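Asks: Using the sequences and the accompanying hints, generate a full structural model.
Protein chains: 4
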Amino acid sequence: MPILKTTDSERLQEVLDDIADRIAGMSERGKVAQYIPELATVDLNQFGIAIAPIDGPLISAGDAGTLFSIQSISKVFSLTLALQQVGASLWQRVGREPSGDPFNSIVQLEHERGIPRNPFINPGAIIVADVLLEDRSSDEAVNDLLALCRELSDDNSIEVDASVAESEMRTGSRNRALAHFMQAEGNLNAPVEDVLSLYFRQCSIAMSCEQLALAGRFLAAAGQNPATGATVLSAQRARRVTALMMMCGSYDASGEFAFRVGLPAKSGVGGGILCIVPGIASVVAWSPGLDQKGNSHLASIAFQELVRATGWSIFGPST
Amino acid sequence: MPILKTTDSERLQEVLDDIADRIAGMSERGKVAQYIPELATVDLNQFGIAIAPIDGPLISAGDAGTLFSIQSISKVFSLTLALQQVGASLWQRVGREPSGDPFNSIVQLEHERGIPRNPFINPGAIIVADVLLEDRSSDEAVNDLLALCRELSDDNSIEVDASVAESEMRTGSRNRALAHFMQAEGNLNAPVEDVLSLYFRQCSIAMSCEQLALAGRFLAAAGQNPATGATVLSAQRARRVTALMMMCGSYDASGEFAFRVGLPAKSGVGGGILCIVPGIASVVAWSPGLDQKGNSHLASIAFQELVRATGWSIFGPST
Amino acid sequence: MPILKTTDSERLQEVLDDIADRIAGMSERGKVAQYIPELATVDLNQFGIAIAPIDGPLISAGDAGTLFSIQSISKVFSLTLALQQVGASLWQRVGREPSGDPFNSIVQLEHERGIPRNPFINPGAIIVADVLLEDRSSDEAVNDLLALCRELSDDNSIEVDASVAESEMRTGSRNRALAHFMQAEGNLNAPVEDVLSLYFRQCSIAMSCEQLALAGRFLAAAGQNPATGATVLSAQRARRVTALMMMCGSYDASGEFAFRVGLPAKSGVGGGILCIVPGIASVVAWSPGLDQKGNSHLASIAFQELVRATGWSIFGPST
Amino acid sequence: MPILKTTDSERLQEVLDDIADRIAGMSERGKVAQYIPELATVDLNQFGIAIAPIDGPLISAGDAGTLFSIQSISKVFSLTLALQQVGASLWQRVGREPSGDPFNSIVQLEHERGIPRNPFINPGAIIVADVLLEDRSSDEAVNDLLALCRELSDDNSIEVDASVAESEMRTGSRNRALAHFMQAEGNLNAPVEDVLSLYFRQCSIAMSCEQLALAGRFLAAAGQNPATGATVLSAQRARRVTALMMMCGSYDASGEFAFRVGLPAKSGVGGGILCIVPGIASVVAWSPGLDQKGNSHLASIAFQELVRATGWSIFGPST
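Each protein sequence line maps, in turn, to chains A, B, C and D. If you read the first sequence in the working numbering, its first letter stands for residue 1, the second for the next number, and so on. If you read the second sequence in the working numbering, its first letter stands for residue 1, the second for the next number, and so on. If you read the third sequence in the working numbering, its first letter stands for residue 1, the second for the next number, and so on. If you read the fourth sequence in the working numbering, its first letter stands for residue 1, the second for the next number, and so on.
These are calculated hints, taken from the structure and not from any lab test. Some hints here could point you the wrong way.
What the hints assert, rightly or not - Distance condition first, Cα-Cα at most 25 Å in a straight line; then the derived DSS-like pairs of lysine-lysine:
#1 B/Lys31 x A/Lys5
#2 D/Lys5 x D/Lys293
#3 C/Lys293 x C/Lys5
#4 C/Lys5 x D/Lys293
#5 A/Lys293 x A/Lys31
#6 B/Lys31 x B/Lys293
Predicted model only: the values in this text are computed from it and were never measured.
Replies: Okay, structure coming up:
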């Protein structure tokens with residue numbers, strides 16, 4: 001089977017419609033995240049998918065225009081901002097290895113003296129947030145993140161969902177523990193509550209599949225925003241962020257996602273998954289029900305079907 | 001920079017010669033593995049590299065014809081054989097996630113009741129060896145592995161280095177501990193010494209960069225041996241083995257290798273590294289000096305330079 | 001050698017004087033705790049020891065009247081207060097086993113879902129503090145603890161050292177991490193900062209060897225204050241607190257202390273050690289220099305010498 | 001309540017009879033060890049208890065003359081023999097701290113480079129066995145252990161139960177793993193199978209409550225065999241072995257046993273528990289049903305009742 005070209009937008013639309021149809025008929029839909037009311041009450045029956053080719057118009061199906069909480073997918077954008085700001089020196093404070101532990105484990109952190117294993121587990125993302133606060137307030141950092149997402153999505157309506165952020169702030173004891181622990185180890189500089197204020201607000205940004213696919217597209221396009229030609233990251237940095245998504249983007253199931261789907265991905269407990277198809281497109285699928293590892297159950301299945309239909313696995317062609 | 005085509009073999013030869021020249025001048029060469037005399041006495045000054053394109057002749061430079069101990073790279077071939085034999089049921093006995101721990105750690109194994117995290121850490125490869133013994137003796141299994149390597153490399157001279165195997169067998173206390181531990185947990189069926197006899201002999205197979213590049217080439221070619229058209233694994237299984245190499249192939253530095261090189265790889269403490277460039281080629285670099293994580297120091301550098309020169313990262317083009 | 005009777009106060013005085021003399025001549029004195037200035041600047045040359053027999057007057061030597069920061073020894077008194085208040089239900093929230101890990105380790109806590117191993121490691125003492133806050137404010141709890149110490153020592157001058165408490169509060173990131181972590185697991189009810197305000201103030205109580213020996217004496221006297229006949233704890237509870245001191249009172253060196261000294265003990269990073277000789281006396285030795293495990297180096301030696309001279313080991317007579 | 005004197009043998013006999021009567025009526029009896037047939041088929045309804053005062057005749061009740069497998073209680077005698085042989089140098093190869101982990105955990109061992117936490121967990125006892133093999137064969141070591149037990153019990157009939165030993169040897173994968181692991185770390189000198197042959201045979205010694213109480217009595221008597229006056233260990237060493245029993249003698253429930261009973265103890269999965277009452281007596285209770293931590297459920301209860309009736313807790317008198 002030849003690899004499906006994004007220029008064949010008619011066939012791609014068929015593929016997405018077919019996936020959305022099949023997903024709609026599935027009874028096993030996972031469980032929505034329970035730790036805050038704003039996530040716990042989201043309708044399980046929703047599903048959306050959007051493809052943003054680097055060289056063509058958006059293609060989407062299902063609830064691809066519905067806003068959802070991007071949660072940990074925001075870690076891709078905060079990492080991008082931090083790399084723009086401090087470059088490679090970031091890697092003195094956070095590692096680049098898969099963690100082999102649940103995403104909020106404190107054990108690894110203790111064992112390795114406050115240096116989180118990678119920027120996509122919670123403690124790593126908290127360090128990235130702390131880096132952003134080196135030369136701005138947490139309000140400014142939130143605005144810079146929103147500005148980046150709005151610019152890439154060409155959509156100025158993107159906002160933080162304040163009620164989600166407040167709930168996160170109220171219930172965030174485990175992330176507080178992680179932050180204080182890293183402060184004890186000397187790896188956190190700003191006051192813990194400032195860092196968490198940024199962290200919880202970035203997680204509470206609400207975006208649709210379509211917006212998010214556009215926002216991630218620069219990673220498929222050698223670091224450039226295809227819409228404007230502007231360089232977001234150097235080609236090398238874009239590849240490296242993509243590599244980190246592959247290795248560490250799906251919590252404790254990153255290996256499973258690589259095995260089944262074969263695309264670099266970042267998931268969030270809001271039910272979204274952003275995948276990069278290098279040189280081809282950025283794709284977002286969303287359905288709020290999660291599997292046991294915290295990744296969207298149906299969005300994962302959607303990506304398996306997408307790769308089967310398109311041949312887009314980075315690990316090789318289908319025949 | 002456009003991606004370098006393998007049909008431009010003249011340019012590829014230049015790239016390899018240039019890499020070999022630069023490597024020859026490097027003074028920091030790592031340290032050879034010390035645990036057995038046969039590895040400890042290997043000459044640090046050696047370096048070889050070979051590319052086996054899926055659609056063209058071998059290209060190589062340096063000591064690409066010199067035999068070395070393939071060690072953990074053998075795990076790719078034993079996994080291939082086990083998948084041929086038992087298929088997906090293998091995954092009931094070994095996981096598919098990066099381990100986040102050193103390659104011979106027993107901690108994870110205890111935590112997860114004797115199910116190794118993946119088939120490329122030592123305990124996982126011991127389970128794979130045990131699977132092979134389900135319907136053959138350890139002598140037969142060694143012969144089947146040699147037959148597979150010989151067929152793929154089109155070279156009947158490939159053999160186990162008996163003195164390496166004997167040294168491994170004598171000093172293998174930690175692998176013995178792992179095997180007995182998994183037997184205690186009910187995840188090892190054959191007698192421990194039989195399993196280790198196979199395991200240590202597979203690690204002691206001696207091959208050159210050229211032989212090994214040919215042997216791994218089916219993984220870049222949708223599971224088929226390009227020389228014969230024979231199917232070694234289905235396209236899907238080949239992609240999945242390649243994904244496992246990406247996620248778990250470089251011990252506790254798999255993330256670092258993905259970050260720096262961006263190719264699926266399997267390394268061995270003999271100093272070899274096998275990389276797959278899906279749809280393009282299989283590449284082996286070898287230099288016996290290891291870094292602190294047990295991967296060849298100079299072979300890793302060689303792959304960074306190769307990807308820089310060719311644009312072969314699976315995480316995206318260079319510009 | 002017969003066991004030395006406390007009624008032979010002349011001989012006991014000789015023993016203490018002899019110990020103080022020998023300690024004075026020792027050049028290896030350990031290192032003072034460095035994490036707050038108030039402890040880091042304490043004079044290493046100080047040493048005091050005081051015995052409070054259950055049936056006789058105080059006997060002391062050296063700097064036995066000098067105030068020092070009782071630190072973790074306060075955990076004995078907060079536990080006593082909590083047992084008075086809630087009784088055996090305390091054990092639903094904290095365990096009774098030695099931890100096998102450094103005193104502020106968060107690993108065990110994660111493994112065991114927020115239930116600290118025992119009330120003498122930091123997270124366990126934080127839970128005990130939280131229990132005290134169930135029916136009083138943190139100011140009231142501090143006052144109750146001071147009242148208990150003053151009553152038992154018959155000395156109303158005992159106070160919290162406010163500057164120590166403030167320093168602890170400022171630098172207590174690791175204890176904050178522990179508290180937030182336990183809150184995340186549902187095992188902490190009061191606001192973290194309230195609990196820590198109590199915890200850091202109880203650790204900052206300043207007492208002398210003489211005061212502290214009197215304060216701990218009820219544990220040697222079947223739970224009764226020998227001075228007044230008042231019951232502090234039932235005889236069974238007093239034995240159990242003493243058993244906990246034996247098993248868990250010297251951080252990660254409790255086994256070593258049992259092995260070398262053979263008395264139930266609780267140490268603090270201020271350099272004090274409180275030992276119980278059941279049915280005979282309570283003894284406190286103090287010298288600010290700590291060993292690598294955080295116990296006073298010279299106070300430990302003093303207890304070895306005391307037991308050698310008196311035959312007071314609970315593990316048997318000397319001949 | 002005054003402490004009960006062993007000279008009041010009439011009252012002591014009443015106490016034991018009363019305990020045996022109550023135990024006989026208990027319906028919750030624990031579960032026998034399941035890992036070998038010889039233990040799995042032992043009758044749950046048996047219970048025996050025997051007191052060996054240091055200054056008087058044996059007092060016993062129930063099935064105190066029935067042989068059972070002493071299992072881990074043998075670790076007390078192998079430690080005694082090793083201390084006789086190599087003295088304090090033993091402590092370079094095994095620690096003296098409670099483990100905080102299940103008795104056969106390999107995690108701690110990996111973390112601490114092959115040095116077991118104490119001689120009463122399995123890996124620690126395997127090291128002690130290896131020490132015994134420094135100057136004798138495993139057959140000789142078994143004979144020396146039997147000779148020690150026979151001498152102390154004044155009973156030449158004590159033997160290894162060969163069928164238990166064979167079953168242990170066949171099913172001992174986890175202990176094999178521990179031994180190979182320590183060999184990998186350089187802390188085991190003799191061949192693994194030799195060490196295990198000794199270890200499994202020592203665990204398979206069959207003794208009755210009465211024999212075992214006599215055998216342990218020297219620990220209550222400052223290291224001397226009261227029957228002969230012979231010195232088994234120095235008074236200091238006897239106290240230290242007793243201290244180790246207190247801290248580490250009941251697997252992962254040593255703290256609980258100290259808390260509830262207050263006596264130094266060593267338990268075995270055969271259902272026996274040996275307790276030392278320093279200066280007074282040695283006591284053994286036995287009932288084959290185990291609790292979740294691997295200690296005899298009813299023997300533990302028997303000791304709680306015994307201490308309640310006699311006031312023998314080392315942590316203080318009853319009133």
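Asks: Each hint: holds or not?
Replies: So, going through the hints one by one against the coordinates:
Proposed proximity of B/Lys31 and A/Lys5 is contradicted: the alpha carbons are some 47 Å apart, above 25 Å. Proposed proximity of D/Lys5 and D/Lys293 is contradicted: the alpha carbons are some 32 Å apart, above 25 Å. Taking the CA atoms of C/Lys293 and C/Lys5, the gap is about 32 Å. The hint is violated against a cut of 25 Å. A C-alpha spacing of about 40 Å is found between C/Lys5 and D/Lys293, which places the hinted pair above 25 Å, so the restraint is violated.
Proposed proximity of A/Lys293 and A/Lys31 is supported: the alpha carbons are some 11 Å apart, at most 25 Å. About 11 Å separates the Cα atoms of B/Lys31 and B/Lys293, which keeps this hinted pair within 25 Å; it holds.
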